[in-house]
Amino acid sequence: MEARPALSIQRSGTQQLNNCGASGALSTSFPVLPSALEEKYPNLPDSQQVPVERQFRPCTSTVVSPISSSSGVVGHMFSSSSGLSTDLHFSSVSQQEKHSRQSLFISQSTSCGTSMLFQQASHSGVLHSTASSQYTKENNDTSWCTDSLDFLDYPINQNNPLDSCNTGEILPSEDLNKRNWEWADQLISDDDALTSSWNELIAETNVTDPGLKVEVPQQSTTFSIQQPQASQQLPASSGETCPVVPPTPSGSGAPTKQRMRWTPELHEAFVEAVNKLGGSERATPKGVLKLMKVEGLTIYHVKSHLQKYRTARYKPEPSEGSSEKKHALIDDLSSLDLKSGIEITEALRLQMEVQKRLHEQLEIQRNLQLRIEEQGRYLQMMFEKQCKSGLDLLKGSSSNLENPLTDLTEPVLKSPDKSNLGVSEGNDHKMDEVGEKQKSPENEVPENLEATATDTPNSPPPKRAKLDE
Amino acid sequence: MKFGKRLKQQIQESLPGWRDKFLSYKDLKQLLNLISSAPPVLSGSVEYVRAESEFVVLLNKEIDKLNSFFMEKEEDFIIRHKELQQRIQRMIAKSGSEASEIDYKAEMRKIRKDIVDFHGEMVLLINYSNVNYTGLAKILKKYDKRTGGLLRLPFIQKVLQQPFFTTDLISKLIKECEITIDSLFPAPAEKKARGEIEAITVAGEGIFRNTVAALLTMQEIRRGSSTYSHFSLPPLNLPDTDVVKSLQLSSPIPIP
Chain A
1 MEARPALSIQ RSGTQQLNNC GASGALSTSF PVLPSALEEK YPNLPDSQQV
51 PVERQFRPCT STVVSPISSS SGVVGHMFSS SSGLSTDLHF SSVSQQEKHS
101 RQSLFISQST SCGTSMLFQQ ASHSGVLHST ASSQYTKENN DTSWCTDSLD
151 FLDYPINQNN PLDSCNTGEI LPSEDLNKRN WEWADQLISD DDALTSSWNE
201 LIAETNVTDP GLKVEVPQQS TTFSIQQPQA SQQLPASSGE TCPVVPPTPS
251 GSGAPTKQRM RWTPELHEAF VEAVNKLGGS ERATPKGVLK LMKVEGLTIY
301 HVKSHLQKYR TARYKPEPSE GSSEKKHALI DDLSSLDLKS GIEITEALRL
351 QMEVQKRLHE QLEIQRNLQL RIEEQGRYLQ MMFEKQCKSG LDLLKGSSSN
401 LENPLTDLTE PVLKSPDKSN LGVSEGNDHK MDEVGEKQKS PENEVPENLE
451 ATATDTPNSP PPKRAKLDE
Chain F
1 MKFGKRLKQQ IQESLPGWRD KFLSYKDLKQ LLNLISSAPP VLSGSVEYVR
51 AESEFVVLLN KEIDKLNSFF MEKEEDFIIR HKELQQRIQR MIAKSGSEAS
101 EIDYKAEMRK IRKDIVDFHG EMVLLINYSN VNYTGLAKIL KKYDKRTGGL
151 LRLPFIQKVL QQPFFTTDLI SKLIKECEIT IDSLFPAPAE KKARGEIEAI
201 TVAGEGIFRN TVAALLTMQE IRRGSSTYSH FSLPPLNLPD TDVVKSLQLS
251 SPIPIP
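Chain order of the listed sequences is A and F. Under the working numbering, the first residue of the first sequence carries the number 1, and numbering increases by one thereafter. Under the working numbering, the first residue of the second sequence carries the number 1, and numbering increases by one thereafter.
Only chain A is shown next, with the shape it has when bound in the complex (with noise of 0.2 Å):
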């Protein structure tokens, strides 16, 4: 394994191969990775397609983590090599690399412990630092350490920024962040399966680190449920007085410096804590913090709080006009007559019709915004849909076409490589072509999609061709 050093530079790139690429696994040659793949990878494609398919789905659905970005890549890396060709050479080889890359990581997660990870991972701020800072710095260094940090700190902080208040779901049946933890798992589990040193490094993770449990991946719908789940199930803008604290993916109870989303009752308990406290000057944040009784809420909340609290009451409305300007305003205005205090008025009145209206727009807008994104998700899902289906069609005419073709139709939709681009264009143009002509989409995607699954002249062509291989 001389490739080690250089493979450390690409840790987080293997990362997306390993957890993608493996969905598209082919039997290898290799005596020690099998059981180790089969364990991780329990839907191979001899043996189950659906689970494949599924498999995919979660990998180029990982959004978070740089999964999502090289899953194209890596899927249609095998789906290439299993669809097209019988280059199992090709395929071993790259999942030698995908082995030893991922043991690679497991060891170096294991050797440095997790707890300072989970300690990172609850602050998302700093993990974004270290992890970059990591990254650039580890560059050329085989230290282990670092990686490690970098590995894990993928998922965990990639779970931080973007699955706050996770109330919906990217797939109807599966959760993002479930899967995130799920690939972490899987990767840890699989140690036990590569060497007996690496078993104990393992049992040193697990030992130290509780939050990141692992369950044995049997099924691809079946995901340890991480704390995350919990505290993120908190709504984005709550009306209560609980605290919206973005979720920390750990109880590790390292002092969260999360930022904590005030809400205007949040602020009255904490306004009637400081009264009752004699002022905000003379206000403590533990007493008040104590007074509160807010679940979550931690003395540097109160802390940061009572501190702009007193600046927004000792110079009142600092605007980002000048305020000192303002002050001379104040005394020339008293002195002037009514006409120029009408004039005033009105140009506040015209400042307020153009807020008004901006405000106006970008609300407009937004919804605007929220609906194209939850049509493309739906067209996605429809889309989907019809091609399992179109799949199921051919399974049931042609048994012996099965596995390629599982494999082709997966890179087709997601059409990873730049040879199939022709395709992902076809398919994202019929996509524009269905938004442009904005007939409801219930009809024309069906209707779409179901001239591509069965044998019509309009599809694409080079979705054909590739399916006619």
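Because the hints were derived from the structure by calculation, they are not lab data. Each hint should be verified, as a subset may be incorrect.
Claimed, not checked - Some chain A residues well away from chain F (every beta-carbon gap over 12 Å; in silico):
1. Lys276
2. Leu291
3. Ile299
4. Arg349
5. Gln369
To be verified - EDC-like cross-link-like pairs, simulated, lysine to aspartate or glutamate; straight-line CA separation at most 16 Å:
6. Lys175/F <-> Glu360/A
7. Lys308/A <-> Glu281/A
8. Lys172/F <-> Glu360/A
9. Lys172/F <-> Glu363/A
10. Lys110/F <-> Glu360/A
Cβ atoms here follow ideal geometry from the backbone N, Cα and C, with glycine treated the same way.
Dock chain F against the given chain A, drawing on the hints supplied.
Quick look at chain F alone, frame taken from chain A:
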């Protein structure tokens, strides 16, 4: 004009403290160019994978940045909102007693100005949120197009739930503000001729300028483009656009 340029314009017109808090669209674009130019993964390229992961890392960093700034401003606004309300209540209570007329007037003017500026800043925060979201959506679309990946759809779903995009609270505060303002201001005078509006500008140059610029930029961005798709927003046709434009061009005349 390209989005990157428009964004730059917006940033230039924005309030000073905000300028470095916008999305680093240019950096993301550069990384994307790097990804496209790097040899594909198949040939065992390290740069490609590295560039890709840098891209995603930067994306996440940016989102963190946007979230922090947004939530901080939101917190500030909540505090200010409460303070303004208290000031108004105090003033109303004072007006009952025989305080100096001039003082009352001065205080009234100050409060009016402050509350209008407060309203403006909140709207600008929503604009900030929206502009950054648009930038993210665009860069993700470019990413998918260039690399053939499927990052956009799921990632955008997540973005939609981020604090910086869930602006409901600020919207609510804005509406409450508008109600208060309506009660603070006397009944509107007769509609002045449009030409006179140009002569009247306010001293809150920063906020006003920024607001006008934001409106116009929004319209520009949404003009039809070559890459119009069903993910694009329809063109925005503001009535009185020429009036708004004239507001932008004329240099603000500070109230004496």
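Each hint tested on the structure:
Every C-beta of chain F lies more than 12 Å from that of Lys276/A, the closest at about 16 Å, which supports listing it as non-interface. The beta carbon of Leu291/A is kept farther than 12 Å from every beta carbon of chain F, the shortest such distance being approximately 18 Å. A cut-off of 12 Å between C-beta atoms confirms that Ile299/A is not in contact with chain F; the least separation is 16 Å. Distance to chain F contradicts Arg349/A as a non-interface residue, since its nearest Cβ pair spans about 6 Å, not more than 12 Å.
A cut-off of 12 Å between C-beta atoms contradicts the statement that Gln369/A is not in contact with chain F; the least separation is 7 Å. At most 16 Å may separate the alpha-carbon atoms for a hinted pair to count; Lys175/F and Glu360/A meet this at roughly 11 Å. With a C-alpha separation of about 12 Å, the suggested pair Lys308/A and Glu281/A falls inside the 16 Å cut-off, and the hint holds. Restraint check for Lys172/F and Glu360/A: satisfied, since their Cα atoms lie roughly 13 Å apart, inside the 16 Å limit.
Restraint check: the Cα-Cα separation between Lys172/F and Glu363/A comes to about 12 Å, which is no more than 16 Å; the hinted pair holds. Between Lys110/F and Glu360/A the CA atoms are separated by roughly 26 Å; this puts the pair beyond 16 Å, and the hint is violated.
Violation of the numbered hints given earlier is confined to hints 4, 5 and 10; the remaining hints are satisfied by the structure.
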